[in-house]
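A.B. asks: So the chains spell out like this:
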Amino acid sequence: METKEAADNEDKKGDRKIKVEVRFPISTKGAFSETFKVYTLVGAVRERALKFFEIAEDGQHAYYLTHKSKRLDDNSKLGDIDNKAKELKLTLVKELIQG
Amino acid sequence: MLDLESNLTLEADFEDARMAAEEAAGSLVRDETDGSVYWLTLSPAADPGQNFYVRIAWSGGYPHSPPSVKFADAVNGRLDVSAAWPVIPGYRPGELDICQPFTAEGFKVHPEWVAGPEAWPTSGNPFLWVVSRLVSDMTNSYQGRSG
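Residue numbers (our numbering), protein chains in the order written: chain V, 3 to 101; chain L, 2 to 148.
There could be a bad hint or two in this list.
Stated by the list, open to error - Chain L regions said to be covered by chain V (calculated; three or more residues, Cβ under 8 Å):
no.: 1; region: 90-101
no.: 2; region: 115-127
no.: 3; region: 134-147
Unchecked claim - What follows is a list of derived Cβ distance ranges for each label pair:
no.: 4; chain 1: V; residue 1: 19; chain 2: L; residue 2: 148; range: 42 to 50 Å
no.: 5; chain 1: L; residue 1: 84; chain 2: V; residue 2: 19; range: 45 to 53 Å
no.: 6; chain 1: L; residue 1: 35; chain 2: V; residue 2: 53; range: 40 to 48 Å
no.: 7; chain 1: L; residue 1: 74; chain 2: V; residue 2: 17; range: 46 to 54 Å
no.: 8; chain 1: V; residue 1: 63; chain 2: L; residue 2: 95; range: 20 to 28 Å
no.: 9; chain 1: V; residue 1: 61; chain 2: L; residue 2: 48; range: 28 to 36 Å
no.: 10; chain 1: L; residue 1: 97; chain 2: V; residue 2: 17; range: 51 to 59 Å
no.: 11; chain 1: V; residue 1: 70; chain 2: L; residue 2: 30; range: 15 to 23 Å
Calculated from the structure, these hints are not laboratory results.
Quick reminder that beta carbons are idealized off the backbone N, C-alpha and C, glycines included.
Sequences and hints are given; from them, build the entire structure.
C.D. replies: Below, the structure is given as structure tokens:
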């Protein structure tokens, strides 16, 4: 069992891991789920999720991740979203970029 | 009136959509008199004192057709009030429609969307997708209430 001290040490080293689940409502593939280190960038998770859902970025659409409806910056770290969380549930949003 | 298959599929997908609305401090309820109609109540994160009421009508069947999405001045309220609309890119209070490929009104304005990358998605949970889009827009793109 993980002690608080061990968890704190992992936090300091950036080794703590978070299970991330990404759902894309219009996919038939179910949710993407993977464990990442807390310092992983949101953009890296987004890219993994796009690959899982077999989506190719095309310049006409924006694909971004949200947490509790709030759009996440690709350059933020998973640990910045919720530094206590062991699991994050994210949603992939597809948006048409209109001219 | 919805056919039986649409009704069953809609009911099965409703729970996830309702939970997505509640996660955003909103609510999603089925209309008491018309089973194809749902009412989504949302408040923008930037202005939690404002309530917006969205009428989502799956009159064309589910999941094969996009829903009509309109803002009203209350649940079961008027649909012709531009002040009931938020200012969000792609939302057109003056036309009382959302010009995006997740509404029946958007596909009417852009018939070319029917085929290609904007085609209406019939896979997964399109109800959740529509609610997620509305919630995300209200959270991330809200610029105020229409005058």
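A.B. asks: Hint by hint, say whether it matches the structure.
C.D. replies: Here is what the structure says about each hint:
1. Residues of the region 90-101 of chain L with a Cβ under 8 Å from some Cβ of chain V number 4, which satisfies the need for three, so the listed coverage holds.
2. Counting residues of the region 115-127 of chain L whose C-beta lies closer than 8 Å to any C-beta of chain V gives 7; at least three are required, and the coverage claim holds.
3. Figure legend: the region 134-147 of chain L, annotated as covered by chain V; annotation consistent (6 residues with Cβ-Cβ distances under 8 Å, at least 3 required).
4. At roughly 49 Å, the beta-carbon separation of residue 19 of chain V and residue 148 of chain L lies within the given 42 to 50 Å, and the hint holds.
5. Between residue 84 of chain L and residue 19 of chain V the CB atoms are about 48 Å apart, so this pair conforms to the stated range of 45 to 53 Å.
6. At roughly 41 Å, the beta carbons of residue 35 of chain L and residue 53 of chain V sit within the given window of 40 to 48 Å.
7. Look at residue 74 of chain L against residue 17 of chain V: about 53 Å separates their beta carbons, and that is inside 46 to 54 Å.
8. Range check, residue 63 of chain V to residue 95 of chain L: about 26 Å between beta-carbon atoms, so the 20 to 28 Å window is met.
9. Roughly 32 Å separates the CB atoms of residue 61 of chain V and residue 48 of chain L, a value that falls within the hinted 28 to 36 Å.
10. The given range of 51 to 59 Å is respected by residue 97 of chain L and residue 17 of chain V, whose C-beta atoms sit roughly 53 Å from each other.
11. Evaluation of the 15 to 23 Å hint for residue 70 of chain V and residue 30 of chain L yields a pass: the beta carbon distance comes to about 21 Å.
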